[in-house]
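Student: From first to last, the protein sequence lines are chains A and B. Take 1 as the starting number for the first sequence in the working numbering and just add one per residue. Take 1 as the starting number for the second sequence in the working numbering and just add one per residue.
Just so you know, these hints were derived from the structure itself, not from any lab. Note that the structure is a prediction, hence the values are computed from the model and not measured. Heads up, a few of these hints could be off.
Unchecked claim - Only pairs whose alpha carbons sit at most 20 Å apart, straight line, appear in this in silico PhoX-like list of lysine-lysine:
hint: 1; chain 1: A; residue 1: K378; chain 2: B; residue 2: K378
hint: 2; chain 1: A; residue 1: K378; chain 2: B; residue 2: K271
hint: 3; chain 1: A; residue 1: K271; chain 2: B; residue 2: K378
What the hints assert, rightly or not - Stretch-level coverage of chain A by chain B, calculated; a stretch enters the list once three of its residues show a Cβ under 8 Å from a Cβ in chain B:
hint: 4; stretch: 103 to 112
hint: 5; stretch: 157 to 166
hint: 6; stretch: 195 to 203
hint: 7; stretch: 231 to 239
hint: 8; stretch: 399 to 408
Just so it is clear, CB atoms sit at the ideal spot from N, CA and C, and this is done for glycine as well.
Protein chains: 2
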Amino acid sequence: MGNTLRVGVLGCGNVGAAVIRLLHDHAEDIERRAGGPIEVTRVAVRERSRARDVSLPSGAFVDDPVAVAEAPDVDVVVEVMGGIEPARTAILRAFERGKSVVTANKELLATRGTELFEAAAAAGVDLLYEASVGGGIPLVRPLRESLAGDRIIRFTGIVNGTTNYILTRMTEDGSSFPDALAEAQRLGYAERDPTADVEGVDAAAKAAILATIAFDLPVMVDDVPREGISWIGPEDIAFAGRLGYVIKLVAIGEAVEGGVSVRVHPVMLPKEHPLASVRESFNAVLIEGEKVGPVMLYGRGAGGDPTAVSVVGDLIELARAEAALRATMIPPPGRATRSLVSLEGLPAQYYILMRVADRPGVLAAIALVFTEHLVSIKSVWQEGHGDEAQIVLITHRAAERALQACVRDLGLIDTVEAVASVIRVEAGQP
Amino acid sequence: MGNTLRVGVLGCGNVGAAVIRLLHDHAEDIERRAGGPIEVTRVAVRERSRARDVSLPSGAFVDDPVAVAEAPDVDVVVEVMGGIEPARTAILRAFERGKSVVTANKELLATRGTELFEAAAAAGVDLLYEASVGGGIPLVRPLRESLAGDRIIRFTGIVNGTTNYILTRMTEDGSSFPDALAEAQRLGYAERDPTADVEGVDAAAKAAILATIAFDLPVMVDDVPREGISWIGPEDIAFAGRLGYVIKLVAIGEAVEGGVSVRVHPVMLPKEHPLASVRESFNAVLIEGEKVGPVMLYGRGAGGDPTAVSVVGDLIELARAEAALRATMIPPPGRATRSLVSLEGLPAQYYILMRVADRPGVLAAIALVFTEHLVSIKSVWQEGHGDEAQIVLITHRAAERALQACVRDLGLIDTVEAVASVIRVEAGQP
């Protein structure tokens with residue numbers, strides 16, 4: 001294993017605290033994947049005395065982000081404080097000292113990105129920013145690396161969870177915009193001043209970052225025309241539904257005649273469009289490539305923990321680059337502490353279709369078999385067609401072993417002509 | 001720009017030819033992103049004399065894949081020939097000569113993966129395989145890099161396009177399995193011998209590869225229990241529909257008590273599950289991480305062009321590693337040859353909601369405005385509520401400029417009380 005990578009974290013809010021906890025809780029896995037330990041040595045905070053849910057010595061907390069960026073016991077910097085200054089100055093100072101930076105700061109990238117990327121290139125260091133768009137969704141790396149061989153024709157993204165939550169409530173519950181906004185605020189999905197979300201400013205910053213990668217063209221937030229959703233009424237939602245559409249706020253970037261168009265506005269999407277079923281506060285970006293066709297990336301676009309996963313993914317990449325490790329990461333067999341388990345003991349719900357003779361007592365005989373094997377039945381339907389009937393059952397969760405024993409014994413009942421199908425049932429949404 | 005990366009391609013079928021074409025057609029973009037040109041110097045083919053839709057000198061074609069792997073004018077090897085031998089031997093020979101390999105060969109990885117990864121590690125070279133699962137969908141890199149800081153709890157994937165196409169036909173058209181299979185064969189989605197697809201063998205190989213990454217545990221195809229879909233009947237599909245489910249063939253890997261379970265079988269998914277709306281031959285994998293929550297990656301899971309994009313993405317990563325380039329890839333401003341264009345000239349369809357006085361002649365006055373600005377109306381609805389009425393219009397595609405002029409003039413009609421909403425309409429599925 002290589003040397004320890006010492007991290008200075010700028011900001012200890014939601015995301016910063018989640019990054020520190022993740023590096024601590026998953027330390028062993030992260031060390032294996034990074035080729036060495038990753039350790040937080042310094043944290044810049046606004047109030048040094050505040051109690052925080054992270055296990056670091058109190059000496060690690062300092063109040064000057066620039067001092068953290070310059071500290072000799074910091075090898076790389078994680079900037080999760082937000083805003084333009086002092087984040088910008090701290091990042092530039094880190095570059096000057098030959099330190100790479102991981103940032104989640106969309107506002108800064110969409111305003112001063114060009115300056116920062118040029119400074120990183122001049123210093124020969126990295127500026128990584130997976131967490132700046134789409135929280136925990138892998139977006140920057142797939143666009144920049146996996147799809148690097150293709151030409152992007154268009155991206156269409158639901159990149160703001162607040163407005164998607166509001167539009168979902170308006171669509172599914174018939175709420176008005178003010179009521180849906182109030183509910184979003186109550187649940188913590190919207191801030192007290194919701195302007196940046198509902199007027200599309202947040203989405204415009206993300207559109208600028210995505211467009212910069214997708215089209216190799218520096219796009220800043222002020223270049224992105226935007227419309228918000230505060231004026232959308234229940235009658236628009238209702239008409240959209242009647243016409244087969246769903247209203248979503250989207251960030252669009254597309255190659256058009258003469259150049260590239262980047263913009264944020266509400267749009268009516270056909271109900272069968274892949275983005276139409278992205279509900280609640282989830283985010284998703286549909287990327288259309290010339291050769292690859294449509295690719296969609298979906299997940300939680302905000303929140304401390306999901307965003308921290310993206311930050312730590314970038315940190316692991318930096319650690320591997322420092323250690324000059326090759327990309328192949330599959331550990332040789334025997335290193336893993338887990339093993340494969342067989343299906344037999346795993347619990348699942350099952351759907352069972354049987355063809356039976358339409359005679360009294362059939363259902364009782366079937367029910368008895370399930371009782372004997374301690375498999376409980378959730379629902380059952382019987383449908384007659386002349387002499388024959390179909391019985392469909394859905395079980396509660398039962399072990400594969402018990403279910404197989406049931407199926408075997410069901411086949412022995414003389415009024416059961418066939419156990420035609422057995423299919424596992426997924427319980428619900430993840 | 002750096003040195004040329006010289007590529008030997010093993011196999012010139014669907015994927016091989018697409019890789020060669022992609023490297024040629026997008027050469028300029030790829031060179032910029034890779035830090036130097038990537039050039040195909042040798043291609044191993046079965047019949048040297050066959051005509052091929054690729055522009056390479058005939059001397060580039062040779063019939064021995066091992067010779068290509070060992071050729072002095074080949075720096076890295078792309079293996080897209082499939083099967084175990086001679087692909088395995090050629091890859092091992094490439095490693096022995098210090099050459100990294102990009103492969104799309106799921107069968108080989110899911111059978112001899114452990115041997116290959118150990119050989120690559122011993123030789124200090126890379127074995128990259130984004131294309132081996134999910135065709136053009138970024139899956140390996142997001143799992144291995146973006147989510148490397150998290151612990152994967154579970155993945156559930158629709159990873160076989162043939163069976164997903166068949167199940168879509170059965171669900172949407174009420175087809176029987178044999179009829180849906182015959183249609184899939186007619187369209188080229190299924191092979192003449194469909195066993196590997198419909199019995200879940202192909203999905204099991206992909207499940208093994210994904211599980212190996214997700215759980216740091218070497219899983220081979222023979223470790224994966226599987227059930228196919230050939231026995232599923234129209235009555236199962238119909239019952240599933242009535243109960244609120246859709247039947248899909250899925251590859252599942254999950255952390256369970258005592259270890260990891262990996263398997264392939266049909267499952268009933270609730271209709272609101274993110275995988276339930278993955279239709280036709282599309283693939284998608286839902287990954288659930290401890291911290292990141294659900295992440296879904298969706299796209300074309302097969303086909304020459306999408307798969308070639310994944311292969312070339314891996315090649316660009318290798319080229320950058322050879323050139324020891326840093327990860328930051330945003331070009332400084334001015335290098336891009338495109339520019340941002342304004343919304344004004346862009347065409348779109350529009351939905352317009354107006355509140356009007358319910359009097360004769362209103363609609364005629366409105367229609368006249370659209371005619372004057374050469375914006376044509378696709379559909380129109382009028383609904384009265386006492387003295388007031390609502391008119392909803394959907395236009396054909398029109399430039400933003402013309403639409404804005406319409407909206408301005410509509411507001412001048414004295415029977416139009418308000419143009420309440422204007423929302424762009426997305427034409428259809430990508």
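Student: Are the hints correct? Go through all of them and say.
Tutor: Going down the list of hints, with the structure as the test:
Only pairs whose Cα atoms come within 20 Å are accepted, and K378/A paired with K378/B is rejected, the gap being roughly 49 Å. Between the alpha carbons of K378/A and K271/B the distance comes to roughly 19 Å, so the proposed pair stays at or under 20 Å and holds. With a C-alpha separation of about 19 Å, the suggested pair K271/A and K378/B falls inside the 20 Å cut-off, and the hint holds. Coverage of the stretch 103 to 112 of chain A by chain B is violated [criterion: at least 3 residues with CB-CB distance below 8 Å; count 0].
Check on the stretch 157 to 166 of chain A: 0 of its residues sit with their Cβ under 8 Å from a Cβ of chain B, so the three-residue criterion for coverage is violated. By the rule of at least three residues with a Cβ nearer than 8 Å to a Cβ of chain B, the coverage given for the stretch 195 to 203 of chain A is violated, with 0 such residues. A stretch counts as covered by a chain when three or more of its residues have a beta carbon under 8 Å from one of that chain; for the stretch 231 to 239 of chain A and chain B the count is 6, and the coverage holds. Here's how the stretch 399 to 408 of chain A fares: 0 of its residues keep a CB closer than 8 Å to some CB of chain B, so the rule of at least three is not met and the hint is violated.
In this structure, the earlier hints numbered 1, 4, 5, 6, 8 are contradicted, and the remaining ones agree with it.
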